[in-house]
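**Q** Whole structure, please, built from the sequences with the hints as guidance.
Listed in order, the protein sequences are those of chains A and B.
First residue of the first sequence? That's 1 in our numbering, and the numbers climb one at a time after it.
First residue of the second sequence? That's 1001 in our numbering, and the numbers climb one at a time after it.
Please note: incorrect hints may appear among the correct ones.
To be verified - Computed spacing ranges between beta-carbons, pair by pair:
(1) B:Ala1008 / A:Asp443: 37 to 43 Å
(2) B:Val1004 / A:Asp443: 33 to 39 Å
(3) A:Gly267 / B:Arg1773: 58 to 64 Å
(4) B:Asp1447 / A:Asp411: 52 to 58 Å
(5) A:Val390 / B:Gly1125: 28 to 34 Å
(6) A:His297 / B:Arg1276: 30 to 36 Å
(7) B:Asp1411 / A:Asp454: 54 to 60 Å
(8) A:Glu619 / B:Ala1676: 33 to 39 Å
(9) A:Leu442 / B:Arg1264: 41 to 47 Å
(10) A:Ala756 / B:Gly1125: 48 to 54 Å
Just so you know, these hints were derived from the structure itself, not from any lab.
This structure is a prediction, so every number in the text was calculated from the model and none was measured.
Glycine included, every Cβ here is placed at the ideal spot set by N, Cα and C.
Number of protein chains: 2
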Amino acid sequence: MTSVPSSAEVDRLHAYWQASNYLCAGMLYLRDNPLLRRPLAPDQIKRRILGHWGTCPGQTFTLTHLNRLIREHDLDLMYVCGPGHGAAAVLAHAYLDGHYSERYPDCSQDEAGMLRLFQRFSAPGGIGSHCSPHVPGSIHEGGELGYSLSHAFGAAFDNPALIVAAMVGDGEAETGPLAASWQSARFVNPGRDGAVLPILHLNGYKIANPSLLARISHAELRALFEGYGYRPCFVEGDDPLAMHRKMARALGQCLAEIRAIQARARGGGCANTHIRWPMIVLRTPKGWTGPRHFDGHAVENSWRAHQVPLPDPASRPDALRALETWMRGYRPEACFDTAGRLVADLRQLAPSGDRRISANPHANGGLLRRALELPPVAAYTQAVATPGGVDASPTQRLGEYLRDVMRANPDRFRLFGPDETASNRLAAVYEASGKTWMAQRLDSDADGGNLSPDGRVMEILSEHTLQGWLEGYTLTGRHGLLATYEAFAHVIDSMFNQHAKWLDKARHQVPWRAPVPALNLLLTSVVWRQDHNGFSHQDPGFLDVAANKHPDVVRIYLPPDANCLLRVAEHCLASTGYVNVIVADKQPHPVYLAADEATRHCEAGIGAWDWAGTHTEHEPDVVIACAGDVPTGEALAAVALLKALFSGLKIRFVNVVDLFTLVPQAVHPHGLSDEAFDRLFTLDKPVIFNFHGYPALIHRLCYRRRNHGNFHVHGYREQGDVNTPFELAVLNGIDRYTLAIDVLARVPRLHTSGAAARAQLLARRDQQVAHARAEGIDSEEIRNGRWPAPGARGD
Amino acid sequence: MTSVPSSAEVDRLHAYWQASNYLCAGMLYLRDNPLLRRPLAPDQIKRRILGHWGTCPGQTFTLTHLNRLIREHDLDLMYVCGPGHGAAAVLAHAYLDGHYSERYPDCSQDEAGMLRLFQRFSAPGGIGSHCSPHVPGSIHEGGELGYSLSHAFGAAFDNPALIVAAMVGDGEAETGPLAASWQSARFVNPGRDGAVLPILHLNGYKIANPSLLARISHAELRALFEGYGYRPCFVEGDDPLAMHRKMARALGQCLAEIRAIQARARGGGCANTHIRWPMIVLRTPKGWTGPRHFDGHAVENSWRAHQVPLPDPASRPDALRALETWMRGYRPEACFDTAGRLVADLRQLAPSGDRRISANPHANGGLLRRALELPPVAAYTQAVATPGGVDASPTQRLGEYLRDVMRANPDRFRLFGPDETASNRLAAVYEASGKTWMAQRLDSDADGGNLSPDGRVMEILSEHTLQGWLEGYTLTGRHGLLATYEAFAHVIDSMFNQHAKWLDKARHQVPWRAPVPALNLLLTSVVWRQDHNGFSHQDPGFLDVAANKHPDVVRIYLPPDANCLLRVAEHCLASTGYVNVIVADKQPHPVYLAADEATRHCEAGIGAWDWAGTHTEHEPDVVIACAGDVPTGEALAAVALLKALFSGLKIRFVNVVDLFTLVPQAVHPHGLSDEAFDRLFTLDKPVIFNFHGYPALIHRLCYRRRNHGNFHVHGYREQGDVNTPFELAVLNGIDRYTLAIDVLARVPRLHTSGAAARAQLLARRDQQVAHARAEGIDSEEIRNGRWPAPGARGD
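**A** Below, the structure written as structure tokens:
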């Protein structure tokens, strides 16, 4: 049981809270006189005051009490700061517990160090006002709102001893991703996972509006969270001393409930339905304990407390006086000793060592990372007698590999997907593990439902929640892969952006952060195979979004066949510090490269396939290049057509697996040297490039290359309906016939001789489209993904 | 009051439902023998069976009963189909009520027409399995899930007589956007708005999993929706006759509640808090009335009913028999007459004319569109004596304009934004209208809260909900603008994609759809002014996403100053059938163009600013081009620096407002002719292009242009922290000094003479950065956005 704090302890808790609030105010305003040892003067005020006071006191209050809980129970507890611009509160606590100074020795535990913290906050070249990789103890990029809960749950999975306290802002709570992520609790298995304690902070106001949840009735609020499956515990008020007691009691009770749920599950009898996890609704005034009024307006408990509660104290004496009165009200002289260090009596209130929230090892997950045991990929590859002579579904093979990855790493690998794991042909993983399911199960589920409380396949129809879980899981040092329909990867564009930005800053600016496992995204059910889903399911533009992020943290792979996908996956699962984006179809495709060839090809990232082209030594007449499994198949078929039509035509066939080989070395570490690029693509010959995505992406990657003016890129150009795969290819010009016709147009010596061939190719293309329309399916020749055997006549 | 259906009426309702289920099954399977007048034979089965049965019967059931409600009360009622792949149900009803045949006369009300409908469904070149613009009565692109409720609410705003029945799939209900959008009911003013009746369809299963909401307790389900502010009404069961009675009763009761809420509000005393709108929870078996078992597995009430419930009847006699038995169970011979038309007795069950759900005029919103009354923009423009001699905040001016647009169009214009209307400096609109707020209000809100039940400014911290509302509002013929932080526009990337796809198909393939008002997106709080928000708030990549969509439906504008923004906004608010993306900062910027110049410049979309360059007639040494307000300011400053350093240097200054002027005419209707492009950008001179977004976008737009090899684009390159605006510009190379230095490097005759100038420019750049670091703000010269006056010395 958690003890009830004595009056003396409440006083100490209060003092600790005041010290942290003092630091928050100091970070906003002061560039000198950090401990107010002298009267506050205008020139001690920052030139530009940037930061957010409103959310701070509720968070510092919570952190103060979480510290107490940790100390009493020796807890392994992380904190996720959801409210916007909440960093000051977290920094204040990290500074008070000493860990900030360990990470940033110039911000030492004395007056000078405190001043440096103040000066650095929200100042150019300094630290931002929301949580970022710079903030010790955080795994949460707090700039965009909505992901705090899903991050917290991701951290808690497979960490049975961990409790993640997740502060959810009432502004953030209005977002879609956050609203969906409350359901995450239904995926926590108390037998093997840690616990998340959500704390909804009803701060009352956003930037300029009341928050919705602060303005609905108490009954509705309670009903809402009971409906989400929680037992809400309300801590409401504005009287600090009463609130300290309420919060201590509430946290103690929540911890007891968590422990009881876990004890039941871990005692053997996992009551896996009807678990009601506790949560806290903390209702306090926005900008609590800050200035009550200014300029005739309420500040505390108003949206005016959101950012800077007192405007312009450097030039307004009344604001300066109000600021000084406010800050002195926190009694800095009692909180800090003569050196400027927190007084010893208060220092005891923080946990020590790794138990400090700011120093929790899970929040620097790279430290805890254990590389995956990866089974040798060769066992899953397809034997290939002749290139393309055999078919395999790339994702089906991947599923078999992931099954064994999962078996070999039962404590640190999970697969994520929105209800599409089987649809995406990854179902072999169910042989290793079911789908995580803690809600009600029916007898009928035994028939193919694959539901299990112990499942490691995470399925919920929310890409946001899945991505958030995976981010939280990898940021705490574990491994995973999210498979999603390609078109709907755009649902998480902004989450990808924020995670990539986190990795970028962590890598380049935060040396104490150890690299975390890569976040792996598999885009499947690709644009080219949306036979009945149609236009809405056709969008390969996630790659354009991904290509905008820092080259050091993003990788894009388009393996041409199942064997290459396996190699790419193996590489990605072993990598750290990236977002790996892999594009691979789920339908059967020819396998071109034997296992060892696939290894070489994927390691190079790009290469000429001599067996596919017509020449090995001499300069070709044309380069046919491709990236992506469907475009590769069509490009190979185009080569076959051309070979049959023009026996003397010299074709070089180039396949690109790693998209960033195309950009100059100076732009991306995977970029080919100009020499190597020119050797592959020639200096002046036409390059017909068949691409999986929007053609413009290839142009933006290659425009600096010498032969770029001769690049003719075919790709998705936003044309589609309910089409057979072949008709869709024709509509967008990536089909074999259109490619071959383009070659005729680009190779000067075929300009005259090619006229008849062109007519023939057009006729055959039309014939195939007519077949598709009449029959509702592509012809057998097309459907098999085969190109005419070498030497066969082309007509 | 809605009547209780008699037994005879229940029988008729049931027969109508059976007829619609019959059509759904026929659409999935049949390519001949549509009325089963002959025994079912293998060659009558489609070659490829694509479609989704599972969701259909619950929807056809609901539509059958909505028809009854409409008839009894002469309702103006729309239907939004949220469940994935639900089109077959909607098509069946549109066909039965006769409207489908009016739109598509070849699908006539007879056997041949029915067969055509069957053949077309989910077949190449045909219609898809989810709702799209082709489906009469729909405003909802159903390919991506999550937006049904927000679309429904958008349709209901300002349509006081309208009821929008929104069927929410229990899969869809797991998504973030849908979860957030339940809160929309708190923004409906029953005095002036229509009503939304959400119907959560607890169908039980998704593609391969149970749905979460179907597996939580009844108490939790009720609590959840009471928490969201609704009064849930449960209709649960699988016995058709009992269910008909329950559904009729439930709908009658819900309508009575809606009318009571509206009557109270419209009687004068708007009880604007504690409104509890009714909703229905409909729990029926997935694939209800379909095959119960097959192959030893349950089909009905299982995820196996999701798509095709009986596999491969063309080759499996048992499946063929089961299919025939199933379909004959719907008694087609009793439902359809000898011609193949629905029998007269059942035809009466559908409403007639515009009251048919499929023909509701709001669902073809372009028909109801009334152009906005737009005040003359000249009244809002800034007088300009010398270019750049005066400052204005672009969005502040826009706010003044929008205020008066709102006043002039009190029934059909709304402004949408996530709690940032004031932060984005559009606060003048509050002079015309408050923020829509139906939840609790406090006395303290009177002090600047701007909350009002009658407000027309829609603020909720969910970009998804806002975008969904705006889509629903414009698709039903009304007008609006959504202003959002640029970086967080990525939150709605996928919604933008789907809406653009809707507009594309509607324009090119659905002639009976009248053009709807454009959807206007204002991206503000731009990447370049994130002084304290830092890296997470820096992302101009929404433009890359937008540029991937069909050129006929997307426009991108980067007005360089307040006057140009006003002109662009005026144009956009009058346009139809587009998504207009406008990028404009909220901070004060110099105004360069007087009102009439701004008009000419914006109409052209691109142009040389002779006053800014050094020459008018002759071929320049260099072209300095720019797009976006911040880059334009820096580019002008660079010109001033260069003029001062090299009096003989000939500079052409080009500003781009309309980004698609850059692409060839063949690619986008706004594209400049090659001749015009070459005249502006020369054939061979260096072009230093200062761009608002990621530089690659300019390259992908211009790579086909003749002088592209000489384009050197500066833009955001993913470098940033907490920086002053100038330091951020330097980090990314869009600042005046870096631009001027680049000119020195690119103009051959400056290669030697420029060395000293280069050193000088570098020194000044470093000096400015040092100032920013030391002071926390940019120097006054930089801060004012000014460039040295023409003729002033540059050092």
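**Q** Under the constraints set out in the numbered hints, which ones does this structure not fulfil?
**A** Hint 10 alone not satisfied by this model.
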